[in-house]
Amino acid sequence: MSTDSGLHVPGYVRDHDTHPPLDYPGYKSTALRHPKRPLTLLPHMLTEITSPVLGQDRLGAHDHDLTRQHDDEPQGQRIIVHGQVRDSDGRPVPHTLVEIWQANAAGRYLHTSDNWPAPLDPNFTGVGRVITDAGGRYRFVTVRPGAYPWKNHRNAWRPAHIHFSLFGRAFTQRLVTQMYFPDDPLFFQDPMWQSVPDEKARERMLARFDHDTTEPEWALAYRWDIVLRGHEQTPFESEEEVLEDDE
Amino acid sequence: MSTHPTTPAQTVGPYLHIGLPWPDGPFAVAEGTPGAVWLRGTVHDGAGAIVTDALVETWQADPEGRFDHPDDPRGARSLPGFRGFGRCPTDASGSYGILTLKPGPVPGPTGDQAPHVDISVFARGMLHRVVTRLYFPEEEAANAADPVLGSIADPAARATLVARREEDGYRLDIRLQGENETVFFDI
Numbered sequence: 001m002s003t004d005s006g007l008h009v010p011g012y013v014r015d016h017d018t019h020p021p022l023d024y025p026g027y028k029s030t031a032l033r034h035p036k037r038p039l040t041l042l043p044h045m046l047t048e049i050t051s052p053v054l055g056q057d058r059l060g061a062h063d064h065d066l067t068r069q070h071d072d073e074p075q076g077q078r079i080i081v082h083g084q085v086r087d088s089d090g091r092p093v094p095h096t097l098v099e100i101w102q103a104n105a106a107g108r109y110l111h112t113s114d115n116w117p118a119p120l121d122p123n124f125t126g127v128g129r130v131i132t133d134a135g136g137r138y139r140f141v142t143v144r145p146g147a148y149p150w151k152n153h154r155n156a157w158r159p160a161h162i163h164f165s166l167f168g169r170a171f172t173q174r175l176v177t178q179m180y181f182p183d184d185p186l187f188f189q190d191p192m193w194q195s196v197p198d199e200k201a202r203e204r205m206l207a208r209f210d211h212d213t214t215e216p217e218w219a220l221a222y223r224w225d226i227v228l229r230g231h232e233q234t235p236f237e238s239e240e241e242v243l244e245d246d247e
Numbered sequence: 248m249s250t251h252p253t254t255p256a257q258t259v260g261p262y263l264h265i266g267l268p269w270p271d272g273p274f275a276v277a278e279g280t281p282g283a284v285w286l287r288g289t290v291h292d293g294a295g296a297i298v299t300d301a302l303v304e305t306w307q308a309d310p311e312g313r314f315d316h317p318d319d320p321r322g323a324r325s326l327p328g329f330r331g332f333g334r335c336p337t338d339a340s341g342s343y344g345i346l347t348l349k350p351g352p353v354p355g356p357t358g359d360q361a362p363h364v365d366i367s368v369f370a371r372g373m374l375h376r377v378v379t380r381l382y383f384p385e386e387e388a389a390n391a392a393d394p395v396l397g398s399i400a401d402p403a404a405r406a407t408l409v410a411r412r413e414e415d416g417y418r419l420d421i422r423l424q425g426e427n428e429t430v431f432f433d434i
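In order, the protein sequences belong to chains A and B. Numbering-wise, the numbering used here puts 157 at position 157 of the first sequence, and it's gapless, one number per residue. Position in the second sequence (first residue = 1) + 247 = the numbering used here.
These are calculated hints, taken from the structure and not from any lab test. Don't take each hint at face value.
What the simulated footprint calls covered on chain B by chain A, stretch by stretch (three residues with Cβ under 8 Å from a Cβ of chain A suffice, anywhere in the stretch; the number is not a length) [claimed, not checked]:
| hint | stretch |
| --- | --- |
| 1 | 263 to 277 |
| 2 | 347 to 358 |
| 3 | 385 to 399 |
| 4 | 414 to 426 |
Even for Gly, the Cβ is constructed at its ideal location relative to N, Cα and C.
Start from the sequences and build out the full structure, keeping to the hints where you can.
This is the structure:
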């Protein structure tokens with residue numbers, strides 16, 4: 001595959017079917033912010049299969065525990081949010097930065113543009129960072145975010161969610177997404193949720209209640225696994241092996 | 248064929264500023280680094296208005312075209328003080344700025360690629376990132392031979408990826424839609 005001066009590297013799968021379209025009229029702000037020209041195919045070369053190697057030096061002492069970033073504890077339901085980051089080949093993605101941000105328990109963000117009449121919490125910033133362990137696992141302690149209104153359509157409310165940002169090990173794997181909670185009654189009117197065309201794909205944004213991880217007299221728990229794009233070539237690896245790797 | 252379906256993207260929303268910017272985000276190298284250049288630009292929407300709530304990220308090789316990454320078949324090579332990655336939210340004037348070193352040429356499957364910087368743009372109103380590249384105006388010969396630029400037939404479209412030289416660096420404005428819309432990539 002390589003010429004005298006050439007360097008061929010394995011690329012990543014293209015997973016367009018999973019993602020929402022950039023032009024989605026139900027979410028009004030997309031109208032002037034989506035390209036109208038067709039996208040140009042970018043072959044995966046060295047710049048695309050690499051990405052920054054970010055270490056523990058990016059983390060502060062309490063970045064993994066959003067309930068311990070102030071003198072007192074925030075209001076709200078304390079929850080553990082944890083899971084595994086894998087690629088679509090089933091391989092864990094170890095040592096990768098996971099960044100989250102969220103509203104407080106009342107549905108208010110600590111942001112100058114968020115002015116709806118819900119209280120701020122002096123003990124909650126709503127920002128967390130961790131690096132996945134050798135098995136691709138991450139774990140945060142936080143409070144369950146509230147729903148909040150926005151102006152996309154009349155009486156619009158965002159379902160409770162936590163924003164997630166992931167790097168993976170390649171530029172192609174970069175992903176910003178949102179984690180939702182099971183049985184939220186607001187999905188039916190939420191264009192963000194509905195922008196994902198495939199219903200099964202929407203469900204991959206849902207955490208599940210995880211009783212085994214709850215801590216008695218302390219915290220409820222949710223598990224959310226995140227799957228980033230894997231390589232184009234399938235490794236010779238059985239589904240069983242992948243599942244065994246899980247716990 | 249992959250066995251596990253991937254997790255969908257969602258927008259960064261209007262409150263990305265609480266979670267994503269880093270104090271050192273714009274500095275892929277520290278201020279005062281010899282040879283450092285600013286990559287600057289303004290992000291515009293389809294009406295030509297500035298976009299003040301976007302986040303621009305850059306990823307690139309070092310001045311010798313190397314990456315500090317295990318998947319580079321030539322071996323990982325770190326250049327102390329150089330992160331290769333920049334992250335900057337757009338400000339009240341819709342502008343971003345990343346201080347970095349100009350990358351060297353990077354090998355591709357059919358020969359060298361011209362020096363380039365991969366760029367991701369995230370914003371409220373964008374359900375997924377868009378990806379583009381920045382190329383350097385003084386690299387005329389390398390740009391002419393670059394496989395990615397060469398795959399864009401329309402010279403005006405190609406030109407949207409070539410930065411303009413400025414006093415202390417380069418400028419690449421990003422137009423998300425409309426006249427002179429930036430070329431974005433299917434990545």
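Q) Looking at the structure, which of the earlier hints fail to hold? A) Violated hints: none at all, because every hint is consistent with the structure.
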